[in-house]
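To convert, note that position 73 of the sequence shown is 106 in this note's numbering; the numbers rise steadily by one, no gaps.
If you are wondering where the hints come from, they were derived from the structure by calculation, not from laboratory data. A quick note: this is a predicted structure, and the numbers were derived from the prediction, not measured. Be aware that a few hints might be false.
DSS-like, lysine-lysine: derived pairs with alpha carbons at most 25 angstroms apart [as the list claims (entries may be wrong)]:
#	residue 1	residue 2
1	K154	K140
2	K140	K156
3	K89	K76
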Amino acid sequence: MNTSAAPQSVRSSETPLPVTALAALEQDGRWLTAGDAERAVMKRIAMQRDRLAAAKLARHQSQALHAAPQAVPADAPLLERLAVFARLHPVATAAVAGLALMIGPRKLLRYGGMALPLIAKFKR
């Protein structure tokens with residue numbers, strides 16, 4: 034039986050991976066043998082890597098937040114539901130907008146004034 038595999042797996046779990054490039058640099062063997070000027074350069078490079086990694090993470094988070102929703106949320110306010118619907122169905126939104134432009138503002142207000150009481154009655 035080979036029992037040497039168990040202690041190696043324990044050792045690998047005891048030493049966590051460095052979180053930042055600066056922490057990885059301090060664990061690197063070249064850091065210990067480097068001079069002061071070399072350490073300064075290596076530290077600047079590690080700090081730049083950390084900044085770039087943070088910017089990349091922030092960009093991915095921003096893209097995830099601004100990703101197009103897959104469905105219209107039912108509990109959202111009306112304007113948000115309309116905006117999500119417009120993003121999900123741009124052709125239908127363009128068709129309705131084109132129809133509204135063809136009808137004109139006066140007729141839209143007149144028909145809207147007639148339709149709103151009916152819609153309010155159906156909501157009850």
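Earlier hints that do not hold, by number: none
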